[in-house]
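As a plain string of letters, each chain reads:
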Amino acid sequence: MKQTESIYIYENTFTSLLSLIKLLIKNKIKPLDIKNLNYSPTLLDTIVNPKIEEKNIMNFWTSKTSKEIIKTTYYIFLSNNSEKELIIYYFLLNSLKYQNKIFYLRNLNCVNKALKISHQVINETHKFKGFTRFKELKNHILYAEIAPENDVLDILSNHFKNRLKNEYWIIKDTNHKILSLYDKHNFYIIDNNNFKMDSIEATCENEEIEKLWKNFYKTIGIAERKNDRCRMNFMPKKYWKNMLEMSDEIEKNS
Amino acid sequence: MNIQEKLKILADSAKYDASCSSSGSIRKSKDGIGNTAYSGICHSFASDGRCISLLKILLTNCCIFDCKYCLNRKSNTIKRAIFTPEEIAKITINFYKRNYIEGLFLSSGIIKSPDYTMNLLIKTMELLRHKYHFGGYIHAKAIPGASAASLKKLGSLVDKLSANIELPTESGLKLLAPNKETSKVTKIMQYVKDNKNISYVPAGQSTQMIIGATKETDKDIISKSEYLYHKYQLKRVFYSAYIPVNKDKLLPSLMVPPLKRENRLYQADWLLRYYGFKTQDLLDNNNPNFNILIDPKSDFALRHLNEFPKEINTCSYKELLKIPGIGIKSAKRIVSSRKIFTLQFKDLKNMGVVLKRAKYFITCNHKYFINPEYFEKKFIESNLVLEDKEHINNTNKQLSLFE
Chain A
1 MKQTESIYIY
11 ENTFTSLLSL
21 IKLLIKNKIK
31 PLDIKNLNYS
41 PTLLDTIVNP
51 KIEEKNIMNF
61 WTSKTSKEII
71 KTTYYIFLSN
81 NSEKELIIYY
91 FLLNSLKYQN
101 KIFYLRNLNC
111 VNKALKISHQ
121 VINETHKFKG
131 FTRFKELKNH
141 ILYAEIAPEN
151 DVLDILSNHF
161 KNRLKNEYWI
171 IKDTNHKILS
181 LYDKHNFYII
191 DNNNFKMDSI
201 EATCENEEIE
211 KLWKNFYKTI
221 GIAERKNDRC
231 RMNFMPKKYW
241 KNMLEMSDEI
251 EKNS
Chain B
1 MNIQEKLKIL
11 ADSAKYDASC
21 SSSGSIRKSK
31 DGIGNTAYSG
41 ICHSFASDGR
51 CISLLKILLT
61 NCCIFDCKYC
71 LNRKSNTIKR
81 AIFTPEEIAK
91 ITINFYKRNY
101 IEGLFLSSGI
111 IKSPDYTMNL
121 LIKTMELLRH
131 KYHFGGYIHA
141 KAIPGASAAS
151 LKKLGSLVDK
161 LSANIELPTE
171 SGLKLLAPNK
181 ETSKVTKIMQ
191 YVKDNKNISY
201 VPAGQSTQMI
211 IGATKETDKD
221 IISKSEYLYH
231 KYQLKRVFYS
241 AYIPVNKDKL
251 LPSLMVPPLK
261 RENRLYQADW
271 LLRYYGFKTQ
281 DLLDNNNPNF
291 NILIDPKSDF
301 ALRHLNEFPK
311 EINTCSYKEL
321 LKIPGIGIKS
331 AKRIVSSRKI
341 FTLQFKDLKN
351 MGVVLKRAKY
361 FITCNHKYFI
371 NPEYFEKKFI
381 ESNLVLEDKE
391 HINNTNKQLS
401 LFE
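Line by line, the protein sequences give chains A and B. Numbered per our numbering, the first sequence spans residues 1 to 254. Numbered per our numbering, the second sequence spans residues 1 to 403.
If you're looking for bench data, these hints aren't it; they were derived computationally from the structure. Careful, some of the hints might be misleading.
[Claimed, not checked] BS3-like mimics (lysine-lysine), calculated; alpha carbons at most 30 Å apart, straight line:
#: 1; chain 1: A; residue 1: K138; chain 2: A; residue 2: K97
#: 2; chain 1: A; residue 1: K101; chain 2: B; residue 2: K329
#: 3; chain 1: B; residue 1: K97; chain 2: A; residue 2: K252
#: 4; chain 1: B; residue 1: K329; chain 2: A; residue 2: K138
Everything numeric in this text was worked out from a predicted model, so none of it was measured.
Sequences and hints are given; from them, build the entire structure.
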C-alpha cells in the first residue's frame, strides 16, 4: 500500500463510495482523505476526482467480504461523523483480510471506531422507531417530523413501510432537510427543496386523539416514583421537540 | 362520562402493573395495520422513568373482589368506569397509527363473574384482530377463575397472556387478597404452558409480585420466582414496590415505596434467568435479604473471593458470567476475541465491560489493575460502595443544572 497526499472525491452515494474504495485498494493507494462532492478544498489540498465504475459494486463487496460487514459499513455511511469515509476505507481494507472475525478485533483502533459509530446509528434508529410521532392531516396523510443526528430516514422508512403499509405517510427529517414519501407501495426519499406541501393542518379528530394521548401520558406516571434522572437517561431532551406528550413540559421549563 | 375522563380513570387504575414489555413476538404485517418487533420498542418514558410501550388500561375498574392493597377494591369509594370493546379498539388503532404505542395491554377488574369479564376481553381482541386487522402487540391479563374455553379463545388472539401471583406466599395472599387463591392463578399458568405455540400466546406469559406489603423476605420472593420459572416456564416475573394507595390495618404504613429493594430483586432475577445462579448462591437463612449497598452479583463475588481474580484470557464462559460488570454480550465478545488476540484492560472497555466493577475481580494477561496486594475484601467492598455513592452524587449535581 502506498500512502498518497491526495484527497479523493466520490459522488455522495453509498455505492459511489464503495466503488471508489474498490478502485483505491485495487491500485494499492492509501488516500490522505476521502470526501464527497460538497467538500470545499483549501489551497494546500490535492484533489483527485477519479472516474468510477459502479456496476455490480454491491455484489463485489458482499462476495469479497460479507453481508454483515456491508451492512455495518452502510450504518457508518449514514452517520454524521466527519471522518466516516476514511473509517469505512480502513474497515473494509481490514475486512478483506479478517472477514467476519473483524467484529471481534476491537484492539484495532479503526475497527473499534467503526463498530462504535455503527452502533450509534443503530441505536438512534431504534430510538426513532419509538419516538416518531405522526399526526393525521386533512387529506388523511400521516405526517411526522424528526430531527436525528445521523441520516436514519432510509432505515426508519423501511420500518414504517412494514408497519403502516396501508397508510399514506410522510416523514420529514428537518436536520438533513429531506423527506420520505410513502404511497402504500414504496417510499421515496427526496430533497426538501423539491417538495412543497400546501398545508399541514390536522383533522379535528386528530386533536381529540392528541388530547387523549397527552392525558394518558400524564396519568400513567406514578407520582410516588417520580424520577427525572431516569427519564432523562432513556429519553434525553434533544428528542422532546417533536414528541407530542412532552410539549407541556418544554413550555413549563422555558 | 366522556372518553377523556374514562381513559384517565382506567389508565390511572392500570398504572401499578409493572409490565410494559412488547418483546418476544414476531407478528408480520399482513393486510391490516401493524406488526411486532422481536426486541420490543419503547415509545416514550413516563415521569417515573418507566418505559411506555403499550396502551396500558383496564377494561373496567369495577371489581367484585376486595383485595386490601388494590385501588379498585370493592370497598373503596372511587369513580368507576367501563370501556366498551369498540372504544378500546378505536383508541388503540388511533394511537398505533400515530406511532404512540407498540400495542395494547388490557387488564380488568372482575365484573359480574370471571367468565363474563373474560368474554368482554375476548370481544375487544376479536374486534382488534378481525375487524381492524390489527397486527401489533397485545398483552392481556387472564382473570383468575376463568374457564379453559375462555383461556383458549383469549390466548389465540394475543401475544402475551399473564396472571398475577401478587404475593409470594399463600398466607400473604390469604391476608391481603381473601378472594384470590394461588391455585386459581397457577391453573392459568399451567394452561398457558401446556398450550403455548406459535399461534397461542407466542410471546409467553409473565406474572407480578408486590414487594413490601407483607413480611416475606427476599429469599421467599426469589425462591418463588425460581420455582415459577422452572415449573411454568414464565418469560418474566415483575416486581412492584408496594405503594400505599389504601389505608388498612393489615397493611404497612410505608411512606416511601421500597424502590431499592425492587431494584435488587430485578438484578437477582436476571442472575437466575441468564447467568446460571441459583437462589441458594445469592441468599440463605442467615442472609435472607439482599445487601442494599451492593448489587447481588458483586455481593456474591465478595463472599466467594477465593474464586477470584479470574484470568480473562483463560477462564470459561460460565466463569466470565460470574464476574461483576460483565454481561452476556461482553462475555460472548470476550470468548470470541481472545481466540484472536490476548485481551488487555483497554480492550475490555471497548467491548462494553463495566470496568468500574469488573476491575477488582479480574486479571488481564495475569496483571491486576493495581498492586495485587490490594486484592482483599475490605478494600474492594469499600471501593464498590464508594463508587456507587459518587455516581449518585454526580448525577444529582448534573440534575440541579436544569432547575
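Structure-based check of all given hints:
With a C-alpha separation of about 56 Å, the suggested pair K138 of chain A and K97 of chain A falls outside the 30 Å cut-off, and the hint is violated. A distance of roughly 16 Å separates the Cα atoms of K101 of chain A and K329 of chain B; the hinted pair therefore holds under the 30 Å criterion. The straight-line distance between the Cα atoms of K97 of chain B and K252 of chain A is roughly 28 Å, inside the 30 Å bound, and the hint therefore holds. A threshold of 30 Å between alpha carbons decides the hint, and for K329 of chain B with K138 of chain A the separation of about 47 Å lies outside it, so the pair is violated.
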